[in-house]
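J.: Given the structure of chain Y, go ahead and fit chain F onto it with the hints provided.
Those protein sequence lines, which keep their order, are chains Y and F.
Using our numbering, you'd call the opening residue of the first sequence number 53 and step up by one each time.
Using our numbering, you'd call the opening residue of the second sequence number 674 and step up by one each time.
Hints are computed from structural coordinates only; laboratory data are not their basis.
Just so you know, not all the hints are guaranteed correct.
Which residues of chain F face chain Y? A few of them, derived with a C-beta cut under 10 angstroms, are [stated by the list, open to error]:
#: 1; residue: Asn685
#: 2; residue: Asp715
#: 3; residue: Glu717
#: 4; residue: Glu772
#: 5; residue: Ala778
#: 6; residue: Ala779
The beta carbon of each residue, even a glycine, is placed where N, CA and C say it ideally should be.
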Amino acid sequence: MSHRGSRVLRLDALARVEGEAGLHLTVHDGTVAEARLRIYEPPRFFEAFLVGRGHGEPPDITSRICGICPVAYQMTACQAVERACGVTVGGPLAELRRLLYYGEWIESQSLHIHLLHAPDFFGHPSAVELARDQRGAVERGLRIKQAGNAIMEQLGGRAIHPINVRIGGFYRAPAPAELVPLAERLRRAHDDALETVRWVSGFDFPDAAYDGPLLAMRDPGRYAIDSGTPAVMAAGAGSNGATSVGALPVEEFEHHVVERQVPHSTALVSELDGHHYLTGSLARYAISGQWLHPSALEAAREAGLGDPATGAVCRNPFRSIIVRAVEVAHAVAEALRIIDAYEPPSRPYVEVPPRSATGCAATEAPRGLLYHRYAMDADGTLTLARIVPPTAQNQAAIEDDLRRQVQSRLDGPGEPADDEELTALCERAVRNHDPCISCSAHFLDLTVERG
Amino acid sequence: MTGRVVVIGVGNPFRRDDGAGPAVIEALRANPPEDTLLLDSDGEPGRMLGLWHRQDAVVVVEVVHAHPGQPGRLHTLTAEQAARSAARPASTHALGLGETFALAAALDRMPRELTVHAVEGADFSLGRGLSPPVADALPALLRHVARAIADAHDRLRHTADQLMGHQETA
Numbered sequence: 053m054s055h056r057g058s059r060v061l062r063l064d065a066l067a068r069v070e071g072e073a074g075l076h077l078t079v080h081d082g083t084v085a086e087a088r089l090r091i092y093e094p095p096r097f098f099e100a101f102l103v104g105r106g107h108g109e110p111p112d113i114t115s116r117i118c119g120i121c122p123v124a125y126q127m128t129a130c131q132a133v134e135r136a137c138g139v140t141v142g143g144p145l146a147e148l149r150r151l152l153y154y155g156e157w158i159e160s161q162s163l164h165i166h167l168l169h170a171p172d173f174f175g176h177p178s179a180v181e182l183a184r185d186q187r188g189a190v191e192r193g194l195r196i197k198q199a200g201n202a203i204m205e206q207l208g209g210r211a212i213h214p215i216n217v218r219i220g221g222f223y224r225a226p227a228p229a230e231l232v233p234l235a236e237r238l239r240r241a242h243d244d245a246l247e248t249v250r251w252v253s254g255f256d257f258p259d260a261a262y263d264g265p266l267l268a269m270r271d272p273g274r275y276a277i278d279s280g281t282p283a284v285m286a287a288g289a290g291s292n293g294a295t296s297v298g299a300l301p302v303e304e305f306e307h308h309v310v311e312r313q314v315p316h317s318t319a320l321v322s323e324l325d326g327h328h329y330l331t332g333s334l335a336r337y338a339i340s341g342q343w344l345h346p347s348a349l350e351a352a353r354e355a356g357l358g359d360p361a362t363g364a365v366c367r368n369p370f371r372s373i374i375v376r377a378v379e380v381a382h383a384v385a386e387a388l389r390i391i392d393a394y395e396p397p398s399r400p401y402v403e404v405p406p407r408s409a410t411g412c413a414a415t416e417a418p419r420g421l422l423y424h425r426y427a428m429d430a431d432g433t434l435t436l437a438r439i440v441p442p443t444a445q446n447q448a449a450i451e452d453d454l455r456r457q458v459q460s461r462l463d464g465p466g467e468p469a470d471d472e473e474l475t476a477l478c479e480r481a482v483r484n485h486d487p488c489i490s491c492s493a494h495f496l497d498l499t500v501e502r503g
Numbered sequence: 674m675t676g677r678v679v680v681i682g683v684g685n686p687f688r689r690d691d692g693a694g695p696a697v698i699e700a701l702r703a704n705p706p707e708d709t710l711l712l713d714s715d716g717e718p719g720r721m722l723g724l725w726h727r728q729d730a731v732v733v734v735e736v737v738h739a740h741p742g743q744p745g746r747l748h749t750l751t752a753e754q755a756a757r758s759a760a761r762p763a764s765t766h767a768l769g770l771g772e773t774f775a776l777a778a779a780l781d782r783m784p785r786e787l788t789v790h791a792v793e794g795a796d797f798s799l800g801r802g803l804s805p806p807v808a809d810a811l812p813a814l815l816r817h818v819a820r821a822i823a824d825a826h827d828r829l830r831h832t833a834d835q836l837m838g839h840q841e842t843a
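Looking at chain Y on its own, in the form it has when it is part of the complex:
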């Protein structure tokens, strides 16, 4: 096999990811010299939009950042503002928030599993071909997704960009009877979700491993989604059964996670203490897997992910589809638990009086850890907003993963890879991480020349 000479592979638009991005890969004498994920979505200016607005506005404004995970933005914004104001929302209101967040999780993860990621494992270019080949599985996925959709509509007021969320809680809390139809739908979805775990666990998974640090929220006793503290599992940990997880207080997040501009991307690139790192489903499973709902934990063991209670960690990005399916099973089971135990709060929200302060918070968006920080004046006028989305954090790790996977293919036995094969490999590698590209785009640079 000869790898002499140089070749450049340009992929102008990635299919089946949220938003638009390209990839630039340079191979020189059989060695991958460069892999650049080019995020060229236009800048969004959301952080600038927020300055000068009232402290009650971030949940509504930031929910517009993403059509797939608006609740993640709302929940993180609410918590950051409430922390600044010294308010903690607990009891039934916190449970209702979690229920709404599970609705989004069910929708978003099911979308990625069935319509975006699964076609790769059957060699299909899109979900349409998958639906012809695996109709029952796709229908099952859409049923699960519609259960999440129903939660969003009932609790959020509509399926996209929910309007019932406000700082301190909700504009209106549901009566228990209003949640009964959701429970009926979720019971079916629970069976469907467990069947989906079995389905995806039977796929053929290429060998691959991401061995860098993993970042996810951690809240001992609970599979952390909307609570806990950012936590880091060290590079390589878990591969030999030994895991070490270090806490990273959310107030210190920006001391450790540093963003920088790069010329090829409108998303900022993050480093954690100087290293690229991965956030998202693999990180959550590694750090909180032992606290999954029992039915989801059992499904994970049966699916061959190992037992997270004994330190098993999955670092194969291709197998993230199994982890996502397990997370859907967890979200459905937890949503059912919340509905079964629901007692309406005495008021739909608690007051959040403004004060001159700064507050930050992080939660687990389906694609990974999402961080917000706000500073406000005494009257609640925002003077600063900072949003660090998961895809921007994952960008360097995705590029590293691309380099490794392409290099592994070039070094492997068999026929030399042509550009078509490398393109397919790179697209799969990117989709393994479920990037949300339009969320990650930031303003990159502005030059004003005046005569």
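T.: Positioned in the frame of chain Y, the structure of chain F alone reads:
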């Protein structure tokens, strides 16, 4: 069961001309046609497929790119034509409208009839408000959609009458 008339305005009102579909729905809501379901959608296929039943008549209102284009020009497309003409989604939707219809067909979830009323857009940048050619075309688009709704009701009634006739003779 003889079905419903479902009208779906697809688009994003915060991306200028992409908001024409929702704008038509908003206009229809001011004087809603009887027995007609008026819906907005971002076009996400999982949710789109949940908006109709197989026995429904569905009218989709959408904005299209054309090359070479004539902003404001109106088109009426069948589902098959829309599927062919939407080779790549123009927005950040996970799948385009054409792929959504193809997915519905693969899952045997197409409605009884489906037509797309589309206007060619000019400006898809961030912000509210339609470009002048699309704003000028909106009344004609609204008339086309209103006519499509009335025609769909006529056909559904005709189907219902036929079914009743079959039942009486049986």
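J.: Which earlier hints turn out false for this structure, listed by number in ascending order?
T.: Those not satisfied: there are none.
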